[in-house]
Structure formats: structure tokens, C-alpha cells
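K.L.:
Chain Z is fixed; fit chain B onto it per the hints.
2 protein chains.
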Amino acid sequence: MNRIEPSRALYEEGVIGVIPAKQGKSVYLKAGQILKLINTHGSQVVDTWAFNIADLREFMSMEHSRASMMKITPAVGDALVTNHRRPILTIVEDTSPGVHDTLIAACDRYRYEELGAGPHHENCSGNLSRALADLGCQIVGAPCPLNLFMNVNVNARGGHIEFLAPLSKAGQYVSLRAHIDQLVVMSACPQDLTPVNALRPAEVHFTVLSK
Amino acid sequence: MNRIEPSRALYEEGVIGVIPAKQGKSVYLKAGQILKLINTHGSQVVDTWAFNIADLREFMSMEHSRASMMKITPAVGDALVTNHRRPILTIVEDTSPGVHDTLIAACDRYRYEELGAGPHHENCSGNLSRALADLGCQIVGAPCPLNLFMNVNVNARGGHIEFLAPLSKAGQYVSLRAHIDQLVVMSACPQDLTPVNALRPAEVHFTVLSK
Numbered sequence: 010m011n012r013i014e015p016s017r018a019l020y021e022e023g024v025i026g027v028i029p030a031k032q033g034k035s036v037y038l039k040a041g042q043i044l045k046l047i048n049t050h051g052s053q054v055v056d057t058w059a060f061n062i063a064d065l066r067e068f069m070s071m072e073h074s075r076a077s078m079m080k081i082t083p084a085v086g087d088a089l090v091t092n093h094r095r096p097i098l099t100i101v102e103d104t105s106p107g108v109h110d111t112l113i114a115a116c117d118r119y120r121y122e123e124l125g126a127g128p129h130h131e132n133c134s135g136n137l138s139r140a141l142a143d144l145g146c147q148i149v150g151a152p153c154p155l156n157l158f159m160n161v162n163v164n165a166r167g168g169h170i171e172f173l174a175p176l177s178k179a180g181q182y183v184s185l186r187a188h189i190d191q192l193v194v195m196s197a198c199p200q201d202l203t204p205v206n207a208l209r210p211a212e213v214h215f216t217v218l219s220k
Numbered sequence: 010m011n012r013i014e015p016s017r018a019l020y021e022e023g024v025i026g027v028i029p030a031k032q033g034k035s036v037y038l039k040a041g042q043i044l045k046l047i048n049t050h051g052s053q054v055v056d057t058w059a060f061n062i063a064d065l066r067e068f069m070s071m072e073h074s075r076a077s078m079m080k081i082t083p084a085v086g087d088a089l090v091t092n093h094r095r096p097i098l099t100i101v102e103d104t105s106p107g108v109h110d111t112l113i114a115a116c117d118r119y120r121y122e123e124l125g126a127g128p129h130h131e132n133c134s135g136n137l138s139r140a141l142a143d144l145g146c147q148i149v150g151a152p153c154p155l156n157l158f159m160n161v162n163v164n165a166r167g168g169h170i171e172f173l174a175p176l177s178k179a180g181q182y183v184s185l186r187a188h189i190d191q192l193v194v195m196s197a198c199p200q201d202l203t204p205v206n207a208l209r210p211a212e213v214h215f216t217v218l219s220k
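These protein sequence lines map, in sequence, to chains Z and B.
Reading the first sequence from the start, the letters are residues 10 to 220 in my numbering.
Reading the second sequence from the start, the letters are residues 10 to 220 in my numbering.
Bound-form chain Z, shown alone:
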């Protein structure tokens, strides 16, 4: 199924939602609404996807967004675009140091197998699949997520990258404005074997505001 009925929307405007540590959550945004994602305890990465509610085959794409923004890391005022090159989410506020990632795949069972944690470790790709399955939908694989608060340092000279602990502090937040009706799926990244979440996966909170 490629469509989600808006009647299955998960959160009302103004309500504070929680994404428990290591878990995922989806939220329906109408065009113009703002999603405020709060890094409640600081140093928690949130893998974030956005899908056109009318056709899940159109989704926020990092490789298209980089070409549109002409930069690797979106900042306030930058629009992330879909694989159809339409704006889907614009960052309208960011009280964190603005360190986010667009380069790295969501963690998945293969990643944790590599790290010796076996096939049953919680993972962001699984959280995405589960969130969509809960709405009766299925996609093949996970698009590259917008990894909010993820600190991937890029050394331009050799193009080498390194994974570091987030620079965000407790209570800092990012707000994103929806350009189209969409489903956003967020995963509080369960990575506890690398510095990505400062080794302490934690809950985060979010709310949906009107324009």
C-alpha cells in the first residue's frame, strides 16, 4: 500500500509526544504545520524520515537535498527535498549547535551483526519498518535518513569521516515546517556501541504546532 489515510494521524496539535529510548514513532503533519523535536536529555541522535502521505514512493531524500541545498548539512532556512525534488521540510529553528548528518545510513541488523551484537539489537531501520507496518504500509529498505543531532565530522582534504558524540545539550530542539501533507517517522537511535549517542541512548520528545 502506498497511501496512508490521514484519519490515522497519530498526534494532535500541541500534544507532547515521547519517543522512548531506542524506539521509533510516526507523526502526521499537514502542510504548514511545524514539528518541534526536542533533544530532552541532549546527545541523542534522531533518525528522521518524511513521506508524501498520498504516495510513499515520494520521500525526503538526502542525495537530492544535498544537490538542492548545495551543502551537506542543512541549517535554518534550508529546505530538504523529496526524490521528486520538491521541498518537504524546512528547518525553521535550531537551538542546537546545528550539527546534523545527511551522509550515513540508518543503523540496521547488519550493522549490529558487524559490531558483534547479533541480529536482535534494536535498530533505526527496524523502527521505521515497524512504524510503517503499524499503519498498514511497507517499503523496500530505508531511505537515507536525516540524522538530526548526529555528529559526523568530515575532513574535506581526504574526505575522511569520523563518528563523534553529539554536541547538542539537554532541551535543545529543531523545528521543521511541513511543505506538504506527510508522515514523519523518527527513531531515537539505539546505537550504544559507538559514540553516536554518547553511549547513552535516551528518550526524546516532540510536539506539533500550527504555523
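Treat the hints with care, as some may be off.
Intra- or inter-copy, both count: the list cannot distinguish identical chains.
The calculated DMTMM-like cross-link candidates involving lysine to aspartate or glutamate, where the alpha carbons are at most 20 Å apart (straight line), are [stated by the list, open to error]: (1) K178 to E21; (2) K80 to E123; (3) K39 to E67; (4) K39 to E122; (5) K80 to E171; (6) K178 to E67; (7) K39 to E171; (8) K31 to E171; (9) K39 to D201; (10) K178 to D190.
It is worth saying that the hints were derived from the structure and are not from the lab.
P.N.:
Just chain B now, with coordinates in the frame of chain Z:
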């Protein structure tokens, strides 16, 4: 359909294949074989995809490869991996200056519409779809390609990027060794509105060699 029958292989070992300017071509590689891709006229970008022949849902993934290589640009000795984090192609030789891109989406009809060229401009995503359709297969969207010879300069400080003409010269080549049986699809990028192919889209050649 998620499988391709190897009997539909397109090129025999040692034969020189041509990818006409602005077009795409697919080639079947057995594990251990080497694909040599020759930038015949220089300054031509080749968008390259690789799919597990037994299941097209497993494919070469730039966002997984960057995490595996811990760098943005693969060099000789680096393995590109699939979305299942398995090696699929290793760069074994590169006589070009080694400037390749993993950041930017394939051009598509939406890109040319943006650039004012209308919906019918040749494009790499369309070339991929057509190559797969010719084999009786279909996928949703195009994975981010390995953009061989594409010169995308990254400024680490602000993360800004810019599209430049390739640095490769006529006759320079890249050789990639297959880790698994796979279908490789290559597109001689038809971009003639930005400096990506030095404004002169051209043919390229390739051959398949034994290990």
C-alpha cells in the same frame, strides 16, 4: 520481479562495450570478474549502480558505503557495500585523479524540469529504469549512484559543495572487482546544462575481465 536470470547476461569477457553518449547500459558480472570502465573522451561522468543478481532489493548503497569506508570518496582498495553491508565492488585500479562522487542523486526528469529543459531530457534515472525494464525488472526510484569521475568539491568548514568539471583525461579508467554475482548499470550522464560533464556529454567504453 526481483531476480535476473544470468542467462540474460549482456557482455562476454574481453568484449569492448560502448555506452553511447547520454545513454545507459547494463552488464552482468560474476563474482571475481573485473569491470574496467574507460573514460574514452575524458570529462564524462558515469552514474553507476550494482544489484545483487539474486535479489535486486540488495544493491550498492552510498550511505552504507560511506559508513563502511569512513570516507566520502572511494579510492583503490576500498570496497563499496550493499544496503546489507556486504562488499559488492572494490576499486582495484584507477588511472584518473581519483575524483568521484557519492553524495549526489542521479539526474532525473525533475532535475531537468528545474533547469528549464522540460520533462523529456535524457536522464540517468530514466536510463537505469530502462536498463532494468529491458531485463523485465522494475524498482521504485533510483538508489544514490556511485558517480564515477564526478567532481563535487566539498568544503568541510561549512559543508558547502559545488559541481565542477571532471579532472579525468581521455583514456583514463577505473577497474572494479565484483564480490558477488551482480548486475551493474552504468549511465553516461546526459547533463549538458551544468559543468558536470564539461558541457559535452560523450560516449564511454567498458570491458569485463577475468580475475
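K.L.:
All the hints need checking, so say for each whether the structure fits it.
P.N.:
Hints, verified against the model:
For the homomeric pair K178 and E21, neither the shortest alpha-carbon distance inside one copy (27 Å) nor that between copies (58 Å) is at most 20 Å. For the homomeric pair K80 and E123, the shortest alpha-carbon distance between copies (18 Å) is at most 20 Å, but the shortest distance inside one copy (30 Å) is not. In this homomeric assembly, K39 and E67 come within 20 Å of each other (Cα to Cα) only inside a single copy, at 16 Å, whereas the closest approach across copies is 33 Å. Taking CA atoms no more than 20 Å apart as the test, K39 paired with E122 passes in neither setting, with 38 Å inside one copy and 26 Å between copies.
Taking identical chains as interchangeable, the C-alpha atoms of K80 and E171 lie at most 20 Å apart whether they share a chain (18 Å) or sit on different chains (8 Å). Within a single copy, K178 and E67 get their C-alpha atoms no closer than 33 Å, and across copies no closer than 37 Å, so neither meets the 20 Å cut-off. Proximity of K39 and E171 under a CA criterion of 20 Å is satisfied in neither setting, with 36 Å inside one chain copy and 33 Å between copies. When the C-alpha separation of K31 and E171 is checked against a cutoff of 20 Å, the pair qualifies neither within a copy, at 22 Å, nor between copies, at 36 Å.
In this homomeric assembly, K39 and D201 never come within 20 Å of each other (Cα to Cα): the closest approach is 34 Å inside a single copy and 38 Å across copies. With identical chains, the CA atoms of K178 and D190 are never at most 20 Å apart, being 30 Å at best within one copy and 47 Å at best between copies.
Going through the hint list in order, the structure does not satisfy hints 1, 4, 6, 7, 8, 9 and 10.
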